[in-house]
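Colleague: Here is what each chain is made of, one letter per residue.
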Amino acid sequence: MKSIINSFIAILIVAFSAKAQQTPAPKQSQTISIVGATAHIGNGEIVENALVIFKDGKIQSVTSLDDTSMQPEGKVINAQGKHVYPGFIAPNSTLGLVEIDAVKASDDEDEIGNYLPHIRSIIAYNAESKIVESMRPNGVLIGQITPRGGRISGTSSIVQFDAWNWEDAILKEDDGLHINWPRNFSYSWREGSYSPNKKYKEQMDELSLFFKKAHAYHKSNSEKINTVFEAMKSVFDGDKKVFVHVNSEKGILDALAFKSNFNLNEFVIVGGEEAYKVASDLKSADVPVLLQRIHSNPQFEGDDYDLPYKLPKLLNDAGILVGLETSGQMERMNSRNLPFYAGTAVAYGLDKDEALKMITLNTAKILGIDSFTGSLEEGKDATLFISEGDALDMMGNQLTQAFIQGREISLESHQTELYKRYSNKYEHNIDD
Amino acid sequence: MKKILVAFVFCISFQSFAQDYFPENKSVKQNTEITYAFKNANIVKSYDDIINEGTLLIKSERIVALGKNVDIPDEAILVDLGGKYIYPSFVEIFSDFGIKEVKRPSSNGSPQYDANRKYHYWNDHVRAEQNAMDAFSFDDKKAKQLRKVGFGLVNTHFSDGIVRGTSNLIALSQENDMNNALVQKATAQIFSFDRSQQTRQAYPTSIMGKMALLRQVYNDAVWYKEGNSKNKDLALEAFNAQLSLPQIFHTDDYLDALRADKVGDEFGVQYIIVGSGDEYKRLNEIKSTNASFILPLNFPDAYDVDDPYLTKYLALSDMKHWYQAPFIYKMFEEAEIPFAITSHGLKSPDKMFALLRKAIEKGASKQAILEALTSRPAEYLKMQDKVGTLKEGAFANFLITSNDIFEDSATIYQNWIMGVKHELNDMDVLDISGDYKLKFKDKTYDLKLKQKGKSYVAELKRDTLKLGTKAKFENNWLYITLTDEDKSSNDFMRLAAKINDAKSDFSGKVFAKNEETYAFTAAFQSTSDETNDDKKEEKDKKDDDEMMIPVTYPNMSYGQPKSEEKVKPILFKNVTVITGEEEGTLEDVDVLLKDGKIDKIGKDLKSSRAKVIDGTGKYLTAGIVDEHSHIAATSVNEAGQNSSAEVSMEDAVNPDDISIYRSLAGGVTSIQLLHGSANPIGGRSAILKLKWGESAEDLIYDNTPKFIKFALGENVKQSNWGGGVRFPQSRMGVEQVFIDYFSRAKAYEKLRNSGKPYRKDVEMETLVEIMNSERFISCHSYVQSEINMLMKVAEQFGFRINTFTHILEGYKVADKMAEHGAGGSTFSDWWAYKYEVNDAIPHNAAIMHREGVTVAINSDDGEMIRRLNQEAAKSVKYGGLSEEEAWKFVTINPAKLLHIDDRVGSIKEGKDADVVLWNAHPLSVYAKPEYTIIEGKIYFSLEKDQKLREQLKAERSQLINMMLKAKNKGLKTQPIKKDTKEFLDCHSLTELN
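Residue numbers (numbering that gives the first Met the number 0), protein chains in the order written: chain R, 0 to 431; chain P, 0 to 992.
Warning: the hint list may mix true and false statements.
As the list claims (entries may be wrong) - The calculated lysine-lysine pairs, modelled on BS3-like cross-linking and capped at a C-alpha distance of 25 angstroms, are:
hint : chain 1 : residue 1 : chain 2 : residue 2
1    : P       : Lys971    : R       : Lys276
2    : P       : Lys791    : R       : Lys424
3    : P       : Lys381    : P       : Lys365
4    : R       : Lys200    : P       : Lys976
5    : P       : Lys971    : R       : Lys197
Hints listed in this document are in silico derivations from the structure and should not be mistaken for laboratory results.
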C-alpha cells in the first residue's frame with residue numbers, strides 16, 4: 000500500500016513540476032535575416048560573413064554578405080562574430096519517454112514482449128519533458144524517439160523539441176523499426192563473466208522466421224488482422240527504415256546478410272562499435288552507421304585508450320556515412336552533450352566540418368529527413384541556432400537564439416530558472 | 000565417541016607402542032604389530048640425501064630404522080625391492096576432505112543484520128569454535144583418488160566462514176574406521192575472506208569489511224581474554240585458545256594474500272598463506288610478506304582460439320596467466336619464498352603428476368617439489384619429526400615407486416599409510432620386454448615383446464613373414480593370439496606360458512586347430528633396443544623452460560617490465576603554463592622537473608641531464624585531481640551495516656585496473672578512492688596517485704590525509720534497494736544515525752581517556768578522529784534539507800564537514816556552506832537519474848563558487864574521469880566563469896578539499912612534479928594530453944602508448960600461436976570467456992575479483 004501511495008505521490012510531483020515547461024513558440028510571422036555570422040551549412044561547407052534569410056518557417060537563402068544579390072529583409076539579427084548552425088539531431092533517443100530514471104512511474108521506454116513492431120514510441124513522447132527542454136540551450140533541436148528492449152523493440156518517430164503535444168512535435172511519424180541484434184556473448188551471473196552465446200544462431204533464425212511470417216502474411220489475403228504483422232508492412236514497402244542495433248564485427252556481417260536476404264534497402268546499423276573492422280562490407284552494401292556514444296570506455300582491456308574517440312574518423316575515412324548517437328547510461332540528460340561528442344572526435348583526428356555533418360546532415364540523411372531539415376539550405380526548415388562561438392566546444396557553445404521551423408524558441412529551462420532564482424537570492428551578478 | 004577418539008589420538012601421539020585397550024568380540028585377539036624390512040631400495044629422504052641399496056625397517060605404524068646397514072630382526076617380513084625407490088608419502092596440507100557441504104539457510108527475502116548463533120561472536124562469519132570433526136565423514140572415493148597420486152595424510156578443515164576454526168590431520172588409510180584415520184586434532188586455525196554459507200548475516204559484504212571484521216576480532220579477543228565481557232562467547236574463547244596453533248589463511252588472488260598479511264602484521268600474527276597461483280605477478284611484494292605459502296596446483300588450460308572473432312574477447316592478462324602460471328614454483332624457489340603444494344581446487348587429482356612435471360620442465364627443481372609435498376607441509380603443521388619425512392620414529396608413511404617419482408615413466412606401486420600397505424600397482428609384475436627366439440613344430444620365429452603402457456605388444460616374424468598377434472600379460476601369464484601362416488585361413492593359434500623370471504627363457508603350450516596342442520620354447524636373446532625420439536622432445540622442452548613473455552607491471556595490457564633506470568629530469572621549453580596560482584597563466588616559459596619535484600619555472604632554463612620536451616604551442620598544467628572516484632578498487636561498498644567507519648578503502652585498492660592507465664591518458668594524476676554511499680557512515684578513503692604499474696601500497700599517498708565517506712538521501716535510506724528493514728528509511732532517521740553514533744563516540748572517548756579497561760573499537764576510534772578534526776568527511780549529498788542538517792549535526796559535535804560531494808542542490812544552501820566552511824565537489828551536468836536530483840543544475844558549481852565555497856568538479860565514473868578537463872569547461876559554458884577559475888575546479892580546488900594542496904594541484908616550484916602537457920588549452924574540447932607525469936616520472940605519453948600498443952599486439956599473437964600449438968599437440972583447451980570490466984560507482988554493491 001505504502002508503495003502505491005509513494006508512486007502516486009511521485010506521479011503527482013512529476014505532473015506538477017512539468018508545469019515549468021517553456022511555452023512553445025508561435026508560428027514565424029515575419030521574415031528574419033541573420034547577418035554577419037559564420038554559417039555552418041551542415042554539408043561540410045562554411046559561409047563566412049553570411050546572410051541567412053528565412054520566412055514562413057523555411058530557409059530562403061544563405062549567402063555571403065559580399066555577394067550582394069541578397070539583402071537583409073524583415074527582422075534583422077546582427078550576429079557579427081557569431082556562428083549559425085542547423086539544429087543538431089539526436090537519433091536513437093529515449094527523450095520524452097522517461098523523466099526520472101529511478102522513478103518507475105515516469106518510465107515508458109520498454110514494453111514487455113520480444114517482437115513488438117506495433118509498439119509506437121510517439122504516443123508516449125512527453126513534449127513537456129523538462130529533460131527535452133534542457134537540450135535546446137545546447138543546440139540539440141531534433142530527436143528520433145526510440146523504444147528499448149526486446150528483439151524488435153518497436154517503431155520510432157522523429158520529433159522537434161518545441162511542441163504542445165506529441166502530434167505537434169512530429170517531423171516524421173513511424174520512421175523506423177528497431178531490431179536488437181542477438182549478442183555474440185551472453186552474461187552469466189553465476190560465473191560473473193561473458194561466454195559465447197550458444198543461442199546466437201537460434202536467435203537469428205527466430206528473427207528471420209518472424210520476418211518470413213510477416214512477409215507471408217502480407218502476401219496472403221487473410222482477413223484475420225494480425226496487429227503485429229500489420230506494423231511490418233511499411234518495412235517491406237520500404238517506407239519504414241530498419242535500424243539494427245549491433246556492435247560486434249560478426250554481428251554486423253550477419254546483419255548485412257539478413258539485409259540482403261530480405262531485400263531491405265533502407266537499412267541502418269546503430270551502435271557499430273566494431274563497424275570499423277568491417278567498413279568495406281558496409282560500404283559495398285551502402286549501409287550507414289549511427290555510431291555509439293563517443294564518450295565511452297573501450298570494450299576490452301587491450302583496446303587503444305582512445306578507440307571510442309577515434310571511431311568516427313576511422314569510419315569516415317573508410318567512406319561510411321556516419322551519424323552520432325547518444326544512447327547508454329544516463330542517455331537522456333546527457334544527450335545535450337551531443338555537440339561535445341562530435342568535438343571530442345575532432346580532438347582525435349576527425350575533420351571539424353565532418354564532425355558537424357555527423358550531428359546534422361549525415362544524421363538527417365540516415366533518418367530520411369534530409370529533404371526538409373538537417374542543413375542550412377534553401378527550402379529546408381529554418382531549424383537553426385546562433386551561438387557565440389564554436390558550438391562543438393564547451394567554451395564556445397553559448398546559444399543566443401534558436402529557431403525551430405522559423406519559430407524562435409525559448410532557451411530557458413527548469414534549470415536556467417533555478418539558476419536565476421538562486422543567483423538573485425545571493426545577489427550574484429550574472430549576465431542575461 | 001568423540002572422547003574415545005581424542006583419547007586414542009593422545010595414545011598414538013605420545014605412546015605409540017602402548018597396549019591396545021580395545022575389546023575384541025569377533026575373534027581371538029591377535030598381535031597386529033608386524034615388522035617389515037624393505038631392502039635393496041633407493042630411499043629418497045630428499046634429492047640431496049638418497050640411500051642407495053638401503054633398507055627401511057618399520058614396525059606397526061612407525062619407522063624403526065633406515066640406512067645402508069640395518070640389522071634386520073628375525074621376525075621381520077622381508078621385502079626385496081630390487082632397486083625400486085622409496086619416498087615419503089605426500090601430505091595434503093589444505094583440504095576439505097570428508098567435510099559435508101553446508102546448506103545455506105533459506106532467506107525470508109529481507110537482508111539479515113543480526114547473527115543466528117547465541118553465546119557466540121556477534122558475527123556469524125567468525126566461527127573459531129568449528130572443528131573439522133563436526134562435519135566429517137570419511138570419503139572412501141576421494142581417499143582412493145588421493146592415495147593413488149601419493150598422498151598419505153590430509154589436513155582437512157571446515158571450509159566455511161572467515162574464521163573457520165581448526166583443521167585435523169587425517170590418514171587416508173583404507174582401514175577407514177575412525178580410530179585409524181585421525182592422526183592429529185586441531186593442527187591449525189584456518190581463515191579466509193569467504194563468508195560463511197551457514198548464515199545470511201549481511202555484514203561483511205566487501206573485502207574491506209572482512210578485513211575490518213578480522214581486526215575487530217583480534218581486538219575483541221584481547222578484551223575478552225582480560226575478562227571484560229559480561230557474556231560468554233564460545234567463538235572468542237576458541238579463537239584465543241587457538242592462537243598458538245599455526246594460522247593458515249586461504250586467499251583468492253595475490254591482492255588478497257597481501258591483504259591477509261597486512262592484517263596479520265598489525266596483530267603480530269604471521270599467517271601461512273594459501274595462494275591462488277597468481278602470486279608471481281607481484282613477487283617482490285609477496286616476498287616482503289615474509290609469509291610461507293601453500294600454492295595450488297591448477298594451471299589453466301590453453302584457451303580455444305580457433306575462432307579469431309572470439310579470440311579478441313580474450314584479455315591479454317588471461318592469456319599470459321595461462322602461459323606464466325606453470326613458472327610459479329620456479330619463481331618462488333629462486334626468490335627463496337617457502338612454499339608447499341596443495342591439490343586443493345584441482346578437479347581431478349589424476350592430473351597431478353602431469354602438472355608437477357610441467358612445473359619441473361619450467362624450471363622448478365625436483366627437490367623443491369618433493370619438499371613442497373612432504374617436509375614443508377609437515378613443518379607448517381609443526382609435525383616435521385612425524386610426517387612428511389623418512390626417519391626413525393616418524394610415521395610409516397611412504398611410497399614405493401619404480402623409478403624417480405617425477406619421471407614420466409614412474410609407477411607408484413604401493414602407498415604405505417600409518418604402516419598399512421595400499422597396493423596401487425602390482426610390484427611383482429615382471430618386465431618381459433625383449434627379443435626372443437620362439438620355436439615350435441620345427442619352425443623358429445623372432446618374437447619381440449614391447450611394453451606399451453601397462454600392457455604388451457608382440458611382434459612375430461619368420462624371415463619376411465609377419466604374423467598378426469595380440470598379446471596379454473596378466474599375473475605373470477603371457478597369452479599370445481596369432482594368425483595362421485596361411486593368410487587365406489581364418490584360424491587362430493593361441494600361445495600360453497607362465498613366466499617366472501624377467502628377461503630369461505620360458506616355455507609353454509600352443510593351442511592350435513582341432514584342439515591340437517604342442518609345446519613351444521622361447522629363448523631370450525636381448526633387451527630390445529628402443530629407438531626413442533626423446534631428443535626432439537627435449538629440445539621442445541628447452542624452448543619452454545625460459546619465460547619468453549615476461550611479467551609486466553601490472554601483468555596485463557599496457558603493463559611494463561620493471562625498470563631499474565633512474566628517472567631523468569625533464570625540461571619543458573617554451574610552454575604556456577596554467578599555474579593555478581596567483582601568477583595565472585605564463586606564456587612561453589621553461590619548467591624543470593627534478594627529483595620528483597617542480598624544480599624551476601622561468602626563462603631559458605638549462606639542464607644537461609634533462610630530457611627536453613618542446614612545449615611550443617602547448618599547455619602545461621598540474622595533473623587533474625579527482626575528488627570522487629571509484630576506479631582502482633576491488634570493492635566499493637560495505638553495505639552490511641548502517642555504519643562502516645571501521646572499513647578502509649586502502650584495503651581495497653586494486654593497482655591492476657586498466658582505468659588507471661586510461662585516466663592517466665586523460666591527464667588525471669591523483670584521486671580520492673571513496674567508499675560508496677550504501678550507508679550514512681561509510682568507509683575511510685584511500686587517496687591515491689595513479690602510478691600505473693606500482694603496488695597498491697605505493698599508490699597510496701605518503702602521510703596521507705585521513706578522509707571518510709558519509710552519505711545522505713535515497714541511497715542510504717534504501718529508496719531503490721534493500722529490504723526496507725534497515726534503519727534509517729527516511730531522512731529523519733538519517734539525522735538520528737549520526738547523532739547516535741557521535742554521542743556514543745563521545746562516551747567511548749571519555750572511557751578510553753579515563754584509563755579504565757575498554758574494548759578497542761575501530762569504528763568508534765574513527766568517529767573520535769572526526770570529532771577531533773583529525774579525519775575529514777566527504778559527504779555524498781543531494782538535497783538542501785539534508786545538507787543543512789548534517790552541518791548542524793557537525794556543529795553540535797564541534798567539528799566541520801570538510802566536503803559535500805555530488806552536492807547537486809549545493810546552490811540552494813551555498814551561503815550556509817560557505818559560513819560553515821564546507822567545500823563542494825559536484826558533477827558538471829548530471830541530473831534526473833533519480834528523484835533527488837530533479838533540481839540539479841549545471842550552474843551549481845558557479846553559484847557555489849561565487850558564494851565563496853571551494854568548488855571541485857568530480858567524476859564518480861570510470862568514463863568521465865577520462866575527460867574531466869571537458870567537465871571543468873562546462874562551468875565556463877553554464878556558469879560564465881573565467882577559464883582560470885574553471886580550471887581550478889579540477890586541480891587546486893580538489894587538492895585543497897583533500898588537504899594535498901601543499902603537494903599537488905598547481906604548478907609551483909617545490910611542489911610534486913605531477914604535471915600534464917596538453918596539445919591545446921585544456922578546457923577546449925579539442926585538447927588531449929601528450930604527457931602525464933607523476934613525481935617527475937612519465938606514466939603516460941603518446942609516444943610510450945604507441946610502443947605499448949605494439950608490444951601488446953606482439954605478445955597477443957605470440958600467445959595465440961602458442962595456444963594453437965598446444966591444441967594441435969592434443970592438449971585440453973577451455974572455451975573463451977570475456978572478463979567483465981565493471982565500472983564501479985557510488986551504489987555498486989558487487990565485489991569485484
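Colleague: None of the hints should be skipped; say for each whether it holds.
Modeller: Hints, one by one, checked against the model:
| no. | hint | verdict |
| --- | --- | --- |
| 1 | P:Lys971 <-> R:Lys276 | 31 angstroms, violated |
| 2 | P:Lys791 <-> R:Lys424 | 22 angstroms, holds |
| 3 | P:Lys381 <-> P:Lys365 | 23 angstroms, holds |
| 4 | R:Lys200 <-> P:Lys976 | 19 angstroms, holds |
| 5 | P:Lys971 <-> R:Lys197 | 20 angstroms, holds |
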